[in-house]
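Number of protein chains: 2
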Amino acid sequence: MNIDIIDVFLHPRSVAVIGASKNPMKGGNRIVNNLIQNNFKGKVYLINPNSEGKLLGLEFKKSVLEIEDEVDLAIFYVPNRLIPGLLKDCIKKGIKGAIIEASGFEEVGEKGLELSDQILKLTDNFSKIRIVGPNCMGLTTIDGDSEGDEKGGFFCGFGVFTNYKRGNVAIISQSGMLNGGYLMYLMSKYPNLGFRYSCSIGNKMDLSELEFLEYLLEDSTVNVIALYLESFKDPIKFIKLCRKVKNIPNKTIILVKGGVTTQGQKATLSHTGALAENSQLIDAVIKQTGIIRAYSFHELFQFARTFSMMYNTGKKLPKWGNVSMIAGSGGAGTISADLTIKYGLNFPILGDKAYKALEDVFPEWMPPNRFALVDIWPAMEKAIMNKVGLDAVMKSVYKVVLSEPDIEGLFNMMFCSKQFRFLSNVDQIIEIASRSSKPIFFWLIGEDKEVRRNSQLLAKHDLPSFSSLEDMVKNFWVLVQESNNKNKILNQFMTQN
Amino acid sequence: MNIDIIDVFLHPRSVAVIGASKNPMKGGNRIVNNLIQNNFKGKVYLINPNSEGKLLGLEFKKSVLEIEDEVDLAIFYVPNRLIPGLLKDCIKKGIKGAIIEASGFEEVGEKGLELSDQILKLTDNFSKIRIVGPNCMGLTTIDGDSEGDEKGGFFCGFGVFTNYKRGNVAIISQSGMLNGGYLMYLMSKYPNLGFRYSCSIGNKMDLSELEFLEYLLEDSTVNVIALYLESFKDPIKFIKLCRKVKNIPNKTIILVKGGVTTQGQKATLSHTGALAENSQLIDAVIKQTGIIRAYSFHELFQFARTFSMMYNTGKKLPKWGNVSMIAGSGGAGTISADLTIKYGLNFPILGDKAYKALEDVFPEWMPPNRFALVDIWPAMEKAIMNKVGLDAVMKSVYKVVLSEPDIEGLFNMMFCSKQFRFLSNVDQIIEIASRSSKPIFFWLIGEDKEVRRNSQLLAKHDLPSFSSLEDMVKNFWVLVQESNNKNKILNQFMTQN
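Chains A and B, in that order, are what the protein sequence lines are.
Start counting the first sequence at 3; every next residue gets the next number (the numbering used here).
Start counting the second sequence at 3; every next residue gets the next number (the numbering used here).
Chain A on its own, in the form it takes in the complex:
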């Protein structure tokens, strides 16, 4: 039932833009642009009693009641005082859902609350029409890449998207920014990161995180669900829904909760009208969900990107946190070692066979460590002295550590310099890393331009790279977390049955 209505919202066959406008400064203009320029396959009707003529080839109508065919959704971009009257028309027309992008409801106090009450009454408690918003940035469904033949989908926010990729990540957010400006930032910074849905739920007067989450759990095109919430609509239901993910092997939920401090709660009140929640209650709820918690937008989408890549390539999530590192710098090795402890990871002791194989490529004056932290520099120096190709050294070391059964993944520090490309042959590394079922993460340093080039090359093969060592270690740690979340529940089931 919920799934059916969310399906209408994310895959509508026809929409009416209420407040469509010829003025490019107005949101109603940008919504129409966003729909048309992104090849929305359904029908689009423009509603504005004060506009005449055409916009992008479409005629304006005075009211939804003038439309002859059926309409799935109404998208509102009008001053909030006009909404009740227009909503009545939508109900009369039999429109199933409305997306209200305007603000000025619960978050502005008494006047806004009156308006909400009015809407509650006239929709008969949302039985006559379902509502997304108010105070939101609309919904986005991506069917095909902006650069491809299948370009397009359903884009109904007032931020016009031009560059995007379809992928396995979905967003549910109470901050429209994450569905707008920040999402644009992610799409331009990580052109290989693909999204399937972006759902801006705003004040969630009717439909909330619960219905969208239920839908996304069932949708097999989605592997990663990134959530930003300022309040829980119903904590118990939320916990129950989230726990379902533990039995879905290729799905991960990541949450940032806003408004966890008194200062943050004051801010949510003026943002989405969310009432204060006790911070200990919040912690307890999130703990019971067993999902991944992020503490910032940066973490949220970095984790999402990492999981997206892992699911795209079918990598095995690490269970014990045993990891190896190949670095060309002792200092980076030391800091990484400290970080592995901070995040409960471990560089295991190498088996005798593996150690002997490493000894062969290392010089006598600087033998390798017994544990899986490989400072590759001396081996490189030896190779240069013996006129052996550096690629062969890198290949041997990769083979040694990835063959170790105890080692579940690998960190590789890569020095990026156009002049010194021979020091790390990215193509060869990509080939080896893509073949392995173990997660392999990269820490890139060197010339900024070359760092960005290598980062893009790696990303094309779903190999995550980081500019901060701590981010790299932390992202591996969330894989371990998720692997254990899933295992725990599976084990529980096994003992129950």
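Keep in mind that the hints are not guaranteed to be accurate.
Just so you know, same-sequence chains aren't split out, so a pair can sit in one copy or run between any two.
[What the hints assert, rightly or not] Straight-line Cα separation of at most 20 Å, DMTMM-like style, residue types lysine to aspartate or glutamate; simulated pairs:
{"id": "1", "residue 1": "Lys-344", "residue 2": "Glu-279"}
{"id": "2", "residue 1": "Lys-113", "residue 2": "Glu-366"}
{"id": "3", "residue 1": "Lys-344", "residue 2": "Glu-301"}
{"id": "4", "residue 1": "Lys-268", "residue 2": "Asp-354"}
{"id": "5", "residue 1": "Lys-476", "residue 2": "Glu-301"}
{"id": "6", "residue 1": "Lys-56", "residue 2": "Glu-68"}
{"id": "7", "residue 1": "Lys-113", "residue 2": "Glu-383"}
{"id": "8", "residue 1": "Lys-268", "residue 2": "Glu-361"}
{"id": "9", "residue 1": "Lys-113", "residue 2": "Glu-361"}
{"id": "10", "residue 1": "Lys-28", "residue 2": "Asp-393"}
{"id": "11", "residue 1": "Lys-94", "residue 2": "Asp-71"}
{"id": "12", "residue 1": "Lys-451", "residue 2": "Glu-149"}
{"id": "13", "residue 1": "Lys-43", "residue 2": "Glu-152"}
{"id": "14", "residue 1": "Lys-268", "residue 2": "Glu-472"}
{"id": "15", "residue 1": "Lys-318", "residue 2": "Glu-433"}
{"id": "16", "residue 1": "Lys-28", "residue 2": "Glu-383"}
{"id": "17", "residue 1": "Lys-167", "residue 2": "Asp-221"}
{"id": "18", "residue 1": "Lys-24", "residue 2": "Glu-383"}
{"id": "19", "residue 1": "Lys-95", "residue 2": "Glu-70"}
Everything labelled a hint here was simulated from the structure, so no lab data went into it.
Remember, predicted model here, so these are calculated numbers, not experimental data.
Since chain A is already given, all that's left is putting chain B on it; use the hints.
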């Protein structure tokens, strides 16, 4: 006394490169390139008994003993077993200091320790010649920007620098990477971040963080000292030296300590041969120094960049942590509010006059907050409706919050989009922000290319920008920390006298 010898190391008049080579794959070749291409003003002598002819116009000599004039420094890039013999020649020649870039000493166990002992004896406990290293990347002094008329300085590492800016930051590091590849990364990513010295101290067989720190505390061209240490040469002396900075108003020390966990300590042993230090002892030492502690390379240089900019522009460091935020997103406001609490900052309540002034630019349906978190979007919408320029709105809001005596600084979220440049006029913002004595930090989102453009524009005026909200808040917090460190000591002095 220490200052004199460090002055020789950082400003030598003549150097001998021992192990200079014509082979571009060898470090001894790159050192010569680095010196010559970067206009080293002193004399350079090439020493290699196996080389003949010239390199970059300079002739090879068999030994330092063939040099007629005085030589300040010898730079070693030879296999470690050759070092004792060559060092004897240097002593005979009266060379004051040696930089040993080779590795293979304490960090490789017994054989390396023997070598160290031998050097200790033949230098008569470093009384005959002072040593930097071994296992280091050399020293760098930047006198003028690579793009300017004064281009150059003293570059004696084996990583060749081509793009750099002279500035007020100095590095002392036990990881050569921070003086090499990572420094190149910083210089290319932040072209406006200027450095004065980069000191790679390696295993610090003789000269250590202590002598370099003493020098940098006295050097008025340096405002920010970024330290990476794997061990303390002498914790008590280190504490005493660091505490001096509290009485130097325009100087800040930031430290990352590597090897704080058992795993990290195992790694330091194989890196710089540093012996294990108890992690509680480390914490206690750092606490007593009263300097800024960073926990990663990323934090170290982000803090360094922030302080560098603050000192360049003479901004007043915040004492109480009272800050305002101008955002175009409620969600960003909420997360920032949570973060301010996490870092002990506060959005103060606005005075009546300030609040009234804000009310004027805000629409009736969405009044501003009473506290200093300004969601500017409704004011923008009102301006668009009233056909008022958006620049005027931004200017008013900036004026209101910056005029509040309680508010010590400002966070500004900036949406970067080529198409929507009218939403935030960077030039106007730079003009206002540069005039204020209060620190103003930017959080940039939007199109990646535009984000980088605006970040560079702001950086040119020493206005720091961040791509992570948490980084922005954390960097403001370290300013508060530093301001209180300094104030505490000053107050103590005032009550004592």
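How the hints compare with the structure:
In this assembly of identical chains, the alpha carbons of Lys-344 and Glu-279 lie at most 20 Å apart only when taken from different copies (17 Å versus 30 Å within one copy). Proximity of Lys-113 to Glu-366 under the C-alpha cut-off of 20 Å is restricted to the inter-copy arrangement: shortest distance 10 Å between copies versus 79 Å within a copy. Taking the closest pair of Cα atoms, Lys-344 and Glu-301 come within 20 Å of each other both inside a single copy (17 Å) and across two copies (16 Å). For the identical chains of this complex, Lys-268 and Asp-354 are inter-copy neighbours only, at 19 Å across copies versus 59 Å inside a copy, given an alpha-carbon limit of 20 Å.
For the homomeric pair Lys-476 and Glu-301, the shortest alpha-carbon distances inside one copy (9 Å) and between copies (15 Å) are both at most 20 Å. In this assembly of identical chains, Lys-56 and Glu-68 lie within 20 Å of each other by CA distance solely inside one copy; the values are 16 Å within and 89 Å between copies. For the identical chains of this complex, Lys-113 and Glu-383 are inter-copy neighbours only, at 19 Å across copies versus 73 Å inside a copy, given an alpha-carbon limit of 20 Å. Proximity of Lys-268 and Glu-361 under a CA criterion of 20 Å is satisfied inter-copy only: 18 Å between copies versus 60 Å inside one chain copy.
For the identical chains of this complex, Lys-113 and Glu-361 are inter-copy neighbours only, at 17 Å across copies versus 75 Å inside a copy, given an alpha-carbon limit of 20 Å. Taking identical chains as interchangeable, the C-alpha atoms of Lys-28 and Asp-393 lie at most 20 Å apart only when they sit on different chains, with a minimum of 18 Å there against 57 Å within one chain. When the C-alpha separation of Lys-94 and Asp-71 is checked against a cutoff of 20 Å, the pair qualifies only within one copy, where the shortest distance is 13 Å, while the shortest distance between copies is 99 Å. Taking CA atoms no more than 20 Å apart as the test, Lys-451 paired with Glu-149 passes between copies only; the shortest distance there is 18 Å, against 24 Å inside one copy.
Taking the shortest Cα distances, Lys-43 and Glu-152 sit within 20 Å of each other inside one copy (11 Å), while across copies they are farther apart (62 Å). Proximity of Lys-268 and Glu-472 under a CA criterion of 20 Å is satisfied inter-copy only: 19 Å between copies versus 31 Å inside one chain copy. For a Cα distance limit of 20 Å, the shortest separation of Lys-318 from Glu-433 inside one copy, 17 Å, qualifies, whereas the shortest one across copies, 52 Å, does not. For the identical chains of this complex, Lys-28 and Glu-383 are inter-copy neighbours only, at 9 Å across copies versus 63 Å inside a copy, given an alpha-carbon limit of 20 Å.
For the identical chains of this complex, Lys-167 and Asp-221 are intra-copy neighbours only, at 18 Å inside a copy versus 52 Å across copies, given an alpha-carbon limit of 20 Å. For a Cα distance limit of 20 Å, the shortest separation of Lys-24 from Glu-383 across copies, 17 Å, qualifies, whereas the shortest one inside one copy, 67 Å, does not. Proximity of Lys-95 and Glu-70 under a CA criterion of 20 Å is satisfied intra-copy only: 9 Å inside one chain copy versus 100 Å between copies.
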